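Trainee: The residues making up each chain are set out below.
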Amino acid sequence: MSYEKRFDGRAFDELRPIDIKIGVIKNAKGSAMFKIGDTIAIAGVMGPKEVHPKHLRNPEKGILQVHYDMMSFSVSDRARPGPDRRDIELSKVIKNALEPALILNDLPETGVYLYVYILQANAGTRCAAVCASSLALAHAGIPMKDLVPAVAAGKVADKIVLDLSKEEEDHPEGATDMAIAMVPRGEKITLLTMDGNISDKELRQALEYAKKGCMQIYKLQKEALRKFLKGEEK
Amino acid sequence: MGEVLFQEGDIVLPGDTVAKGMDLLPARGTYRDGEEIVATNIGILKRRDNIINVIPLFGPYVPRVGDQVIGKVIEVGYSHWVVDIGTPYPAVLLVKDGVSEYVDLEKVSLDRFYKKGDLIVARILKKEDPTFIRITTRGPGLKKLTGGKIIEITPYKIPRLIGKEGSMVNMIKNKTNTNIIAGQNGWVWISGDPLDELKAAKAIEIIENQAHTQGLTEKVEKFLGGEK
Amino acid sequence: MNNYIIGLIKKKIRPDGRTFLEHRKINITKDPSKYAEGSVIVELGKTKVAVGVKMGIGEPFKDTPNEGILITSAEFVPFASKEFEPGPPSPDAIELARVVDRGIRESKAVDLEKLCIKEGEKVWMVFVDIYVLNHDGNLIDAAGIGAIAALLNAKIPKLDENEEIVHGEYQGELPVVKKPVPVTFYKIADQIIVDPTKEEEDAAEARLTIIFNDDGNIVGMQKELPGYWTVDEIKSCIETGKRLSSKIRSEVLSK
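So the protein lines, in turn, are chains A, B and C.
Position one of the first sequence corresponds to residue 0 (numbering that gives the first Met the number 0), numbered consecutively onward.
Position one of the second sequence corresponds to residue 0 (numbering that gives the first Met the number 0), numbered consecutively onward.
Position one of the third sequence corresponds to residue 0 (numbering that gives the first Met the number 0), numbered consecutively onward.
Isolated chain A (complex conformation):
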């Protein structure tokens, strides 16, 4: 059966509504909340600070450590508190998505610690996490080449779509879901995970959708930062 109309009525290349808030965690050096559809990620940056254990220290530049976790009540079936194997894999994937954009040469021997928690999950959690994290790092004043937007695209039944919702991921006719993060400057893809079953022609179309989606999110990330700076003028 053909997927004619998206469950939430969006166009096939349309993002879910996005809401961004900067500086939501006062004690963190930098923080941000990124909401896309019904997925909400909160990221907070601590440090730069001493690195433990010692063997992880890099005398040439700073390191980035990422800790991704889902709040137990963010999903329908409670997730036991604490990171599970998926959380640990995503922590690594998210770190590799953000690090290429950071300039850590002036922070040798130290570590930048990023903690990103999912408050509510409806697909696209790793992408929301990257989007929130990039903003939190900028707010923390960690030098970077560019912000990093991220979004998922894929195939639901027979249609290529941008930004799958959970209902779409669970479509009875099957879905392929590919998450990407992209450094806009140079269109460098720093996160790429995919699962499903898709032809290469379809994958290329999904990639184009995802790139476009990333650029739209990038624009919103910048707008949110400007709005935040203006908001401080009270």
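These are calculated hints, taken from the structure and not from any lab test.
The structure displayed is predicted, hence computed values, not measured ones.
By construction, the Cβ of each residue, glycine as well, lies at the ideal position given by its N, Cα and C atoms.
Be careful, since some hints might not be right.
[To be verified] Computed beta-carbon distance windows for the label pairs:
no.	chain 1	residue 1	chain 2	residue 2	range
1	B	K19	A	G195	40 to 48 Å
2	C	K246	B	K95	57 to 65 Å
3	C	K107	A	G195	44 to 52 Å
4	C	G86	A	S1	43 to 51 Å
5	B	N49	A	D105	21 to 29 Å
6	A	E88	B	P139	39 to 47 Å
7	A	F11	C	K81	21 to 29 Å
8	B	D9	C	E94	44 to 52 Å
Fit chains B and C to the given chain A structure using the hints.
Mentor: Showing chains B and C alone in chain A's frame:
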């Protein structure tokens, strides 16, 4: 001939192309990407001749030799003190840099000069190894502080707090009847009557939150002129 | 800056101008997380705590075959404070969860007998999960208020004919019949205050959490930190706590 794409004093964001041209030089808070000069931080664009700077609005303290900083003694060693100055690794104050007289370490405990918990005004001597930043308290204005309270603001906002030739900080000092010493590391020491200290701290908070806005001096003046 | 706080307290001044027995403004945001059976975010000044309630099905305890099970956990998110490290819950986090749990359990706030699905075999498990998002003092009170607020907001999922949970559908509200409220007292320079900021909390020598039920009865107590309390001080805290808990209950926990 290169062109600068923003106005002097504009706020720019990481990834923003702030200028184009090989004859322009990327300095603080920027890097070169081909023809373009790109901002690395949320900050304010400042240009001097062909040098393009972005002064960050947020970010950790990066020590520079000669910086005056405020620190807290966290450990008293046999021949040195370990001092927290807000950097990832605490700074080290060697006995020869802390005391001008001769000290017989066999007989005298360094406790006598600076104890754990003491606040000091110091200067950065060496900072090449971030795990071994050396500071000194020998020099004009460098000393132990008694009483008062410390508040922390973003290091990049200290110049705004001090103001042109000290105008801003002096205004706060005068209107709140307090003594204030600002460290380049973002630590600010305020000393006076408790309620005056509170008021000065609040004025400094205004600067921290609105350093990048116009009319800051007026806002602070209004706040200080208001109560009391 | 303990000396600084101690100096102020001795002069009967608090940095933000509050009186010793005054709470900061309490803000409760309901339903920040829609897949939880109930959730809130509590803000007590700059302290921010998220609490979510999840319901699951499990076997009852042998000695209470017809009662549901309450399980409370707390996580101190590392970005909430420089002092929080990632990893399994610290003793402070565990103590907080257990103290909050005690208040809910001893007051019988949740009618566990109404949570039996099949006696001896299947009962509802009520998970109360606390996440501290920003630490500016008085975490136990914030978490305790958040926990009962989340429970008051919670719904029981619908069960299908196989007695399995139907996601997104509910059969009614969680039976919450009491509203226990903790009030934690802190002793600084022999003065007693409530709801300290982190700065004030760091200068405290002793802590006493008292959890009050709707009828003014005490359903939990915990003394923390190495200092001490005299019997008179404890009596005075109980007196004050009754009044303050009642005020909080009516101001932020009326459904």
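Trainee: Give a verdict on every hint.
Mentor: Against the structure, the hints:
1. B:K19 x A:G195: 40 to 48 Å: For A:G195 against B:K19, whose Cβ atoms are near 42 Å apart, the range 40 to 48 Å holds.
2. C:K246 x B:K95: 57 to 65 Å: holds, 60 Å
3. C:K107 x A:G195: 44 to 52 Å: Check passed, 49 Å falls within 44 to 52 Å.
4. C:G86 x A:S1: 43 to 51 Å: Holds - the Cβ-Cβ distance for C:G86 and A:S1, about 49 Å, lies within 43 to 51 Å.
5. B:N49 x A:D105: 21 to 29 Å: holds, 23 Å
6. A:E88 x B:P139: 39 to 47 Å: violated, 57 Å
7. A:F11 x C:K81: 21 to 29 Å: At 46 Å between Cβs, range violated.
8. B:D9 x C:E94: 44 to 52 Å: For C:E94 against B:D9, whose Cβ atoms are near 50 Å apart, the range 44 to 52 Å holds.
Checked against the numbered hints given earlier, this structure breaks hints 6 and 7; the rest are met.
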